[in-house]
Each structure stands twice: as structure tokens, then as C-alpha cells.
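Number of protein chains: 2
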Amino acid sequence: MSPFTDKPSETVSSLGELKLIAAIRRWLGDATPATPFGIGDDCAVLPASSRRQLVTVDPVIYGKHFDDSVSPRAVGEKLLKRNLSDIAAMGGRPRAAVIALALDATISTRWLAAFYRGLASASRRYGVPIVGGDVSQQSGRFAATLTLIGETSSDRVLTRHGAKTGDWIYVTGTLGGSLLGHHHTFTPRLDEGRWLVTRPEVHSMMDLSDGLAKDLAALAPKGAVPALEAAAIPLSPAAHRLARTSGHTALHHALDDGEDYELLFTVTSCTDRAAFESSWKRKFKTRLSCIGRFARTASAAHVNLQSIHGYEHLR
Amino acid sequence: MSPFTDKPSETVSSLGELKLIAAIRRWLGDATPATPFGIGDDCAVLPASSRRQLVTVDPVIYGKHFDDSVSPRAVGEKLLKRNLSDIAAMGGRPRAAVIALALDATISTRWLAAFYRGLASASRRYGVPIVGGDVSQQSGRFAATLTLIGETSSDRVLTRHGAKTGDWIYVTGTLGGSLLGHHHTFTPRLDEGRWLVTRPEVHSMMDLSDGLAKDLAALAPKGAVPALEAAAIPLSPAAHRLARTSGHTALHHALDDGEDYELLFTVTSCTDRAAFESSWKRKFKTRLSCIGRFARTASAAHVNLQSIHGYEHLR
Chain A
1246 MSPFTDKPSE TVSSLGELKL IAAIRRWLGD ATPATPFGIG DDCAVLPASS RRQLVTVDPV
1306 IYGKHFDDSV SPRAVGEKLL KRNLSDIAAM GGRPRAAVIA LALDATISTR WLAAFYRGLA
1366 SASRRYGVPI VGGDVSQQSG RFAATLTLIG ETSSDRVLTR HGAKTGDWIY VTGTLGGSLL
1426 GHHHTFTPRL DEGRWLVTRP EVHSMMDLSD GLAKDLAALA PKGAVPALEA AAIPLSPAAH
1486 RLARTSGHTA LHHALDDGED YELLFTVTSC TDRAAFESSW KRKFKTRLSC IGRFARTASA
1546 AHVNLQSIHG YEHLR
Chain B
1246 MSPFTDKPSE TVSSLGELKL IAAIRRWLGD ATPATPFGIG DDCAVLPASS RRQLVTVDPV
1306 IYGKHFDDSV SPRAVGEKLL KRNLSDIAAM GGRPRAAVIA LALDATISTR WLAAFYRGLA
1366 SASRRYGVPI VGGDVSQQSG RFAATLTLIG ETSSDRVLTR HGAKTGDWIY VTGTLGGSLL
1426 GHHHTFTPRL DEGRWLVTRP EVHSMMDLSD GLAKDLAALA PKGAVPALEA AAIPLSPAAH
1486 RLARTSGHTA LHHALDDGED YELLFTVTSC TDRAAFESSW KRKFKTRLSC IGRFARTASA
1546 AHVNLQSIHG YEHLR
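As you go down the protein sequences, you meet chains A and B in turn.
Quick note on numbering: the first sequence equals residues 1246 to 1560 in my numbering.
Quick note on numbering: the second sequence equals residues 1246 to 1560 in my numbering.
Simulated from the structure, these hints should not be mistaken for laboratory data.
Be a bit skeptical, because a hint or two may be false.
If chains are identical, the list can't say which one is meant, so a pair holds when it fits in one copy or spans any two.
Unchecked claim - With a straight-line cut-off of 27 angstroms between C-alpha atoms, the simulated DSSO-like cross-links for lysine-lysine are:
#	residue 1	residue 2
1	LYS1409	LYS1264
2	LYS1526	LYS1252
3	LYS1252	LYS1309
4	LYS1309	LYS1526
5	LYS1264	LYS1467
6	LYS1530	LYS1467
7	LYS1309	LYS1530
8	LYS1528	LYS1467
9	LYS1528	LYS1309
10	LYS1528	LYS1264
11	LYS1252	LYS1467
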């Protein structure tokens, strides 16, 4: 379904600004609280919190993050979920979101309603109210930028910095082939992130958005490289399916494809891995894989990451 | 100066993603703190605060909020200042900002550097660190969306709701003709907002962004209309200048033009206005004008607001 319509009576501009904002409230329903804690004032107001606050921002842009083949509900859900994945990556808890829309006057009201209903549905599922936003006109475009405010769930946050040479590398779920559907249907690993932040053996964490090969570089301690065991990398069914026609191996897809939205983290080299993994299994059904470690050098027995670049945001 | 360049070597895409992010850090300088409190992790982390948190989001979009005639420094400064004006309107204090860029691959590095230097300059002036963000490619465009996190400076926040019939209407500064320059050079009324929120006679507040005539409707109590004294409305020199060629009166510009970024607020009908105004004068050089009150009806002696619509965001 296209976000644009050529029937003037079905466009957002036929509604006008005030009616559009009223419609947005209606589409969001109980996913947006009453003023002054919701839409409609100069700022949204969040209750005080004794925790450190987390802030992340990510957009969905027509022609870039989605096209006519994607349902508007899925676009709305994804907008919240990709930001939730960033909160999960710090071991945090989401609190509230604001959304800035830049839209063409010929955006279809029906498309936008479904987009907001998708957003509202994810908002309710994860308990994250949409507390405010902005609507601007931008010709020929649809872009929605969501800023998510969260808070720490523990005394510490897990950042990308903290791994040491020798530390083990873990990943949740299975990787690769996200384009076949996972990039819309994924579940942000919030529960897993909140558990991992309480485990002292976990020293660094991030979410996988640009592909394992590229993202790993962000966790690598100075002077170390990832030494990965090919057989240990959890390949998704979609990576295998894609490999049948893409000319690449399933492993290549697991290393290179973006939008896995899984957690990538390191545990100290002295960790009792068997004990750690069985604690995980008692807690979660989500697959957990130790894929290698950070080492001074990688040998020919390890996965060759040289030729794999992951997702480049600007080219 | 145009944000776009046709010389490939001068574009942001010639830098590539990693070098661009490194350049952004350099352009921001001490306006962005070190990780994990700055750019470069999945979320930005803000210290805990015992105050309620305020959140606002506003973009600057090429072709909509600015064009080639505006310096990139002024665009960067405005992006922060228009959000600061929203924090001022609640009587709050700004804490930190994140910025999402959607930019074409042919955006000029030199233009973007000046934009970030302008943002950094405003960031230092108002003590608001830029703690994170996102960069996405969007063909043919430049849009920057800034989300500002603030906190309350007092036990209460001033919202748009709280005025009663009979309450007096006040405005800071002078109004109209913002297009001649004020929409870039304005000063967000943060100090004034923080003082007003401590004054018990002030019951509602907002910032003027879409024009006095339109914005007043948001403060109007149910069943009341603004009864304004034409002679009391503070006309800016720019409103007078514009009136010479526009075919409208300076008063019309003061009522209709957007982007004044002044504070509009109400005080209870029983306020000792002389005492209130002299307290203001002891504290601020900013002009303060009582322009009328909310009444059951407006008479022919009052300003006729019927034909004035202010800025419509979607048309």
C-alpha cells in the first residue's frame, strides 16, 4: 500500500492541521495519555525518576526503511521496536516516546491511520506511551522520527565499551536474511537486556543493526580482533533461504546483513560459561550462542571478516 | 549558501559514515560529552534527576524552515533555540538534546560543518549538551530533528490549561515581522519562563510560534474569547517595516505572523497587576505587555480576530 494518494479528499491535507492532530489522538487511543502528560502542550511531562535516563532516536523513512510492499501497521510497529532494541542494548527499561512526522500533503489518511494503529499496538504491548510530537509538511516525503526515553533498570548501564582481550562473544537469536521479514517481525530483547545488565560477568553490549561483522568492531577492545568460530554462528532459516538465490552463503548473510535486532555482548574470559548458559536457559527460551572471543590475532581457522562490511549508512 | 554541492569530493558521502560521525564529534567539540554520555552508544545516558522530565521535538527542514538565503550556522542555532522556547514555555530548564539527520548524499561537508558549529555554539550558550543522534540518508533532502530533554525548575509546570474567564493576557517582547530576521536571531525566554512558573498568579503559558491570533485559542478557557486592546499589542519594528510593503497593517502582522518565540501567559483576574509588573521590571529588561483578557464576549472595541488564522502547518 502506498502512503500517497491522488484523491484529494483522502489526503491528510484535506483534514487540515487541527483535525489531523485530533485524528492522531483517536488513532493512538489509550497509547497516549491525557494532557499535560500527552500530546497537545509545548512539552510532554514525565514523572520524576530516581534512575539515570536513556535517550535514543531512530527514524523510518519512505523509500529508505520501507516501501509500498510493507503494511503501514508494520511500519508503525517497527518505528517503536527499533528504538526499543537500543534501550534493550543498554539493559534499560523504556518510559515514553515522542514522534516527529515530516509528511507530504498527499499522504493518505487511511495509510496514516494504519501506521498510527501499528504504533499504538506496539506502544501498548511494551507499555510505552506516545507522549507528544510534531507534524511538519515536507513535499514528496514520509519520514517519522521517534525519540524514546528510557531509564536504567539496574545500578549500571551496559555500554559498548568494557570488553577486554580474551573475553567471550555472545549473541542472542539467529542471524541473517532479515530482509525476508525479520526486520518487521522481530522482538526487541528487552527482558534479556535487563537480565544481562545484572550479571557481573557481562562487560559490554550492543544491539545488532548493521550486521555482525561491522557491529563487532564497535565492541572490540584496543589491539584485539574478533576470532569467530564459523560453526558457532547461529544462522537463521531466512539466511539459508536467501543463500539459495543470492550467490552468497548463509554464513555470509549472518555476518553481513543488517537489522537482526539481536543482542551482542561480551563476558569476561574467566566466566564459567556452562553455569552462565544454564542460568540463561532457566530464564529464557531465546537462543544464546557463544560465537568466539576477542583475541590478539585471528587465525586461518577463524571466520575471515576482511571482505565483509555490513550496512553502510551513507554511500 | 546551498546545503547541496555538485562537487563529489565536497559531499558528505565522500567522507563515508564513520568519518562523518568523527567529523560531527569534532564540529560539536565540547558541546558533546564523552561516551557513554555522548554520541557513539546505543543510547545516550543522562544523570538521574529528582525533577519531572520535559520532552519536546521540532525539526528544521530545507525548503520549509529555511532556504539558501539562510546561513548554515543560523539554521543550527535555530534548531536548538526553537526547542528551548518550548522548554521555556513550561517554565523548565533544558538538560540535553539528541539530533536525527536525514540527508542527501550530496550535502556539502562545508555546509554541514557550519550547521553543527552553529548548533554547538547555541548548545554552549544555553548549557545543553548534544548527547546523541542518528544519521540517515534521504535523497534530495536535508532535515534535522532535535529532541530536547528538560526538567521542571519548580514544583509545578505551566501548561496551556489553567486560564479562567476574566484572566489577564500577557506577552513578552514585541510581535510580528519575524521573517525579516527575528525567526533566527530570537532569544528563547528561558529565564523569564523559570521566573513565571514560581509566580502563583500565573495560571497558563505557551510560546508563540504560529501567530498570536491562532495561539491564543489554545489558552482560551471554555466559553471565553480573547478581548484584546489593539493599542496594547507590542508591535515589533519589523512588523512596521513589513507593513510598508505587504499591504497589511503592522497590527495584522503582530496577530498573524508566526515564529515570534515570545511567551504568552495568563494571570488571574484578581492579580495586582501593577505589583506584578514592577516585580517583572526589577528582574528583566524584556518588555512585558498586558494585551487584554479572556472574556465571555469581545466587543467592537476589541481586536477582531475572526479573519486571522495564523500559521497553518498543513495545507
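Within, between, both or neither: LYS1528, LYS1467 at alpha-carbon 27 angstroms: neither (33 angstroms within a copy, 54 angstroms between copies)
Alpha-carbon proximity between LYS1528 and LYS1264, which holds within one copy, between copies, both or neither at 27 angstroms: neither (47 angstroms within a copy, 41 angstroms between copies)
Status of LYS1309 relative to LYS1252 across identical chains (alpha carbons, at most 27 angstroms): both (25 angstroms within a copy, 24 angstroms between copies)
Alpha-carbon proximity context of LYS1530 and LYS1467, limit 27 angstroms: Close neither inside one copy (34 angstroms) nor across copies (54 angstroms); limit 27 angstroms.
Intra- versus inter-subunit Cα pairing at 27 angstroms for LYS1309 with LYS1530: neither (33 angstroms within a copy, 49 angstroms between copies)
Status of LYS1467 relative to LYS1264 across identical chains (alpha carbons, at most 27 angstroms): Only across copies: LYS1264 and LYS1467 sit 19 angstroms apart there, 55 angstroms inside one copy, limit 27 angstroms.
Copy assignment of LYS1252 with LYS1467, given that the CA separation must stay at most 27 angstroms: Close neither inside one copy (58 angstroms) nor across copies (36 angstroms); limit 27 angstroms.
Same-copy or cross-copy closeness of LYS1526 to LYS1252 [CA-CA at most 27 angstroms]: For LYS1526 and LYS1252, the Cα distance exceeds 27 angstroms both inside one copy (54 angstroms) and across copies (55 angstroms).
Alpha-carbon proximity between LYS1528 and LYS1309, which holds within one copy, between copies, both or neither at 27 angstroms: Cα proximity of LYS1528 and LYS1309: none, with 37 angstroms in one copy and 51 angstroms across.
Up to 27 angstroms CA-CA - LYS1264 versus LYS1409, copy category: Between. Shortest inter-copy distance 25 angstroms satisfies the 27 angstroms Cα cut-off; intra-copy 55 angstroms does not.
Alpha-carbon proximity context of LYS1309 and LYS1526, limit 27 angstroms: Answer is neither: 37 angstroms inside a copy and 53 angstroms across each miss the 27 angstroms cutoff.
Violated hints, listed in ascending order, are 2, 4, 6, 7, 8, 9, 10 and 11; each of the other numbered hints is respected by the structure.
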